[in-house]
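Chemist: Okay, here's what each chain looks like letter by letter:
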Amino acid sequence: MEIFVAATVGLLTAVGVYLMLRLRSFPVILGLTFLSYAVNLFIFAAGRIRTAAAPIVGTTDTPTDPLPQALVLTAIVISFGMTAVIVMMALGSYLELGHDRVDPDQGEDDTPAPAGKETGA
Amino acid sequence: MMGNWIITPVVLPALLAALSLFIGRNSITVARLLSVTGSLALLAIALMLLMAASEGPPQVYRLGDWPAPFGIVLVLDRLSALMLLLTAGLALLVLGQAIATGWDRRGRKFHALWLFQLMGLNGAFLTGDAFNLFVFFEVLLIASYGLMVHGGTGPRIRAGVQYIAVNLLGSTLFLFALATIYSLTGTLNMADLAAKLPVLPEGDHGLMRAAAVMLMLVFAIKGALVPLHFWLPGTYAQAPGVVAALFAVMTKVGAYAALRFGTLVFPTDLAVTGPLIADLMLPAGLITLALGSIGILGARSLPRLAAYAALASMGTVFTALSAFTPASTTATLYYMAHSTLAGGLLFLVTDLARARGGEFLDGPDRPRLSGRLGVLFFLAAIATAGLPPLSGFPGKLMVLQSASGPMALVWPVVLGGGFLALIGLSRAGSALFWAPQGEAMAPLPLSQAIAPALLLAGLVALTLGAGPVQDWLGTTAAALHNPAPYILANDLPGGA
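Protein sequences, first through last, are from chains A and B.
According to our numbering, the first sequence holds residues 23 to 143 in order.
According to our numbering, the second sequence holds residues -3 to 492 in order.
All clues stand as given, with none of them false.
Simulated restraints on C-beta separations:
1. B:D200 x A:A74: 25 to 31 angstroms
2. A:H121 x B:R364: 34 to 40 angstroms
3. A:L119 x B:E51: 53 to 59 angstroms
4. B:L272 x A:D125: 32 to 38 angstroms
From the derived model, a few chain B residues whose C-beta atoms are all more than 12 angstroms from chain A:
5. N0
6. I3
7. V7
8. G52
9. D265
Here are some chain A residues the structure puts well away from chain B; computed CB gaps all over 10 angstroms:
10. E24
11. P77
12. T82
FYI, nobody ran anything at the bench for these hints, they're computed from the structure.
Ideal Cβ positions, reconstructed from N, Cα and C, are used throughout, including at glycine.
Excised from the complex, chain B in its bound form:
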């Protein structure tokens, strides 16, 4: 039985993080050993859970064995298993890069914070309770605050203050939304909400709509959707490269939560909200995509460019997500997997270039960077812009095919955004690698090229296996749009 394994992605990093604080305090080797072992174990567990989730219906782990909706439940379904696997895979590779580049030695407690971050991410993907989702958001955020300012001074700490302030505001909004929902329905279990909302009295519809929009605003802050994106460029550009690479999966938490609530709690055929969420999300997603692409074009430093590329990818994800049909959800999931890997890759390459002085695109004294780094940047740019042969191309194709909005609006923005990204990335690549002025920098050691190469391998695998992956994601999307088994797994009283 998978029963008790469901809790391990949360408990294991929590235990290892505490251990890392105690016995890894004075020895970086011990701390590294703990995180690498933990990340490997998390990857193995995620693979096992993914296989279990693809075979059967959603499975529930009751915390403290209290039955839902009174106790908190963790629910493992195909979507949460997929997100766990993405997180574990990205985290392992980026952790390897953090060790290879020595980032983990530049400040204290890097490994403990890293593990706590993984605990929060995994918990957010697994929980089946809205208030528990809030708690796991806070866990992952407080770890990310520490990681974001890791080994930093002045500007990075100030960017950290802005990042914390925005997220605290988001948390407050989250609590307002949850309290409103609780006062209307008397429950915060997501499956129970899905069962209770269709029979909500007519008079409460207005309040519930307000709560739904507030909730989606919170997820939009996490996913950096325009007009709530202002925190992202500064934060990602200032954060250490390896941390920004891990953050590639953190924005996806917002998209995951929006997808989960948009299909389970507030589906488009629900009388209370109707297509309200989809109608708001489509223009916001398109504007995010356009703004991110223009940002890529206007960025004057490589970290900023990578941050705006992350923004553009979130725009594409939310544009695809807003249709809320099985086909569009399949496209969203595929593009989410692609952009997690591609975003991580771009931030790792950016970090390598920045460590060699190749940060500013128009400043004087640009150093001569090694050819190996140039190749990596070229491939990362192809993945980011969504060009063939890497997986961004089938991803965008699926997004375009399944888009629900008017074709005359969605196609130009998505294709034009890709074009602007292409120009911006080409310009950055030419400036950094073809027009150097300064002296030659040390070549890229092979150890620091392993993690980017493996991320690339992941993108290639996602491209070559696009057919089977699409089938698997199609089944996942179908399960999301027919949430009855998910609700049944919660075993609610009254047999809802």
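With the rest of the complex left out, here is chain A:
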């Protein structure tokens, strides 16, 4: 059981890191999602792995630690919200620039733009 959970966390992290290193925003976002799955499982395991145990003291003889479950809930909500934000940003970037590469063009913000001035500045 422990080995299975540990291997799953490791595999998810490896997949996440690999995808993070891609140059397009879609794989990067998928990679971030995989990493957050990995860390959620990891937090869950921090309260020790135990099956068929309620996280409520008094209901069973061997209750499991409730705190990691609360932590993991917070982590899930936050990573879900953050993923939504980055998806919107990536979409905005794609629609504005016409491509979804994550790396900047050569010298992009360091030299005068040839055309298409920024509207905000």
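We have chain A already, so just place chain B on it with the hints.
Modeler: Below, chain B without anything else, positioned relative to chain A:
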């Protein structure tokens, strides 16, 4: 009693931000009124908390009245009060500048995001719980994502995507570290951790060291320490000038967290980590400083130059921080206060120049900028390079005096970095103000010079009051290196 006031720096901006979303939605005047009132109130509260913190021992506010370590606590000590005051002061001035330059009208919800950002910053400085620190990091980050792309298109949004991706990665790492720490100690309250780590079983030391380094990596991402600095130049150069000026305090969150954990949870005399963190932080800080200075020299636009100056200042902060002695901590805090004000000033001046077309240092058609702006840039450059008479000079002096690393290594890097910054800033100033080619631009209205002038006044005050400030910071540093009262204030079970 200060008791309930401790929570107000978190609750007040949260309430005002929600109000701003509802009643300030259609009227910029109402939204401005709410943020300015809120920022003024935050400044007053921060001053009051600072006075309360300098008189007595650390004070604790229990959220929901649950006792530590089971509930979350906010702890007010001299360090958190100082950071609150820095944030409130900078935020008020920069907000004034955002209104004077009309930045807040270029996109929607600027004021609500601004207030949420302040809520996150204040919460991160106050919390006494490691997981709660993670939550407040996320609050300040999600607001900063909105502010960073405020009123922007194309390149700014893409820089925003990179910034979010890096920070999400940092958050994941933070969670890995916290879960590891929790599985070893069964607690995430910082004072409780400080009490439990010295008696950690020998077999768990390796895992705890890994967790400590992961945690410091997260703070290094926030503080843009080499090799985790790649997000900073692009983000700060692309962000709206006023937002970048507020971000001057955001990198300090990383330094604050590193200082808090490095003195409270992982002090250098702890058997588990020993001098591990200090040993890793010193070279990273020096390289950051060197890289930032070279970046200043190589920057071809003013926003990039200001971003690299921010990087160099973080390098100096972490170099000073890495010694973890009371003297070095005093120097760190002084330099942190200086570089927050100086960084904010440089970004505001950069924004004013950029709004007048004076952005690129080597492009054609550089406009003729007004002399008033030139004076401001000159003073900001003096502050940034750490020249007398402004506070960067005593700051660097204190850093050099207290540095723990080999003198032959620290002195050349700090002094050489200052020299490179001086050359880079002089070059930028000459190119922008002495060799104009285009037509004359509109002069700088007085209303847009108020906030930079007040920031300058802050730097002058920091210089003139260097003695008393140093004494106050010395007491703060001594309290940080003797965390027993901080732990006692948490009122842990077992009287730890």
